[in-house]
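Just need the whole structure built from these sequences, with the hints factored in.
Heads up: the sequence shown begins at 1 in full-length UniProt numbering, then just goes up one per residue.
Fair warning: there could be bad hints in the mix.
For lysine to aspartate or glutamate, the following DMTMM-like pairs were computed, each having C-alpha atoms within a straight-line distance of at most 25 Å [as the list claims (entries may be wrong)]:
| id | residue 1 | residue 2 |
| --- | --- | --- |
| 1 | Lys77 | Glu213 |
| 2 | Lys177 | Glu107 |
| 3 | Lys141 | Glu163 |
| 4 | Lys79 | Glu114 |
| 5 | Lys159 | Asp101 |
These are calculated hints, taken from the structure and not from any lab test.
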Amino acid sequence: MATLSLPQPPCSPLPRSSPSFPLPRARSSLWSKQGRCMIILPEKKKRGGGAYVEAPYEIAEPTKESEKFAQKCGEKKVKKLSQPGSNFAFLNRPKANHALDLSMIRELKKIYLETKLSPTIDLVMVTGGNETAFCAGGDVKALAQQGIQPMGNKAPQMKFFKEEYKLNYLIANMAPKISVAYVDGWCMGGGVGISIHNQYRLCGEDVIWAMPETALGFFPDVGGSWFLRG
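Structure representation (structure tokens):
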């Protein structure tokens with residue numbers, strides 16, 4: 001684990017120290033570039049642009065606090081870390097490459113909504129928790145199994161997509177709060193939805209964006225018709 005220290009949010013009403021965010025040790029050379037990282041800026045969002053920039057952060061070794069946090073969270077599918085003025089969310093289904101299920105959607109919604117409504121929280125950040133993937137998208141295997149069961153109930157599937165899209169809308173409308181996604185490795189389908197709609201997206205060099213559901217005949221969702229347009 002390493003720690004990303006972010007600059008103090010400009011909208012902060014109180015004097016606060018820069019929040020620190022424990023990040024997974026990435027496979028990419030992000031960590032050896034002396035403070036450089038790939039950041040996709042809001043004004044380049046529509047063009048899908050990005051550039052290497054000198055970022056005001058420091059890479060540090062794990063602290064006792066971050067180690068205790070990891071132990072405390074245990075097997076939670078979404079780990080939450082709160083620091084003064086900031087909320088952080090870790091996706092935590094490594095065996096499924098952090099594929100989203102309904103419980104994860106709801107937990108992410110709580111974290112983002114708390115940030116949006118709180119007068120003392122200015123920033124929210126989300127990331128995956130391993131070196132392979134940020135998020136493999138929605139757990140389509142579980143959804144498909146529900147659909148092929150005899151007398152299968154479609155209500156859970158409909159509820160998943162309904163709440164997923166509402167989460168995407170919430171993430172896209174967090175202003176004036178600051179929302180950030182740190183993405184490395186695979187980022188597919190629903191994972192794109194919970195990352196690309198953030199105000200800032202920091203990307204490792206091994207990030208791979210994909211909408212594989214289109215190969216199954218599924219129209220690109222999670223706002224895909226907007227962010228994939230030329």
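Status of the hints after comparison with the structure:
1. Lys77 to Glu213: Satisfied, since the Cα-Cα distance of roughly 23 Å is no more than 25 Å.
2. Lys177 to Glu107: At roughly 19 Å apart (the allowed maximum being 25 Å), Glu107 and Lys177 satisfy the hint.
3. Lys141 to Glu163: Distance of about 18 Å is within 25 Å: holds.
4. Lys79 to Glu114: Since the Cα atoms of Lys79 and Glu114 sit roughly 15 Å apart, the hinted pair holds (cutoff 25 Å).
5. Lys159 to Asp101: Holds. Lys159 to Asp101 sits at ~11 Å (cutoff 25 Å).
Hint compliance for this structure: every hint is met.
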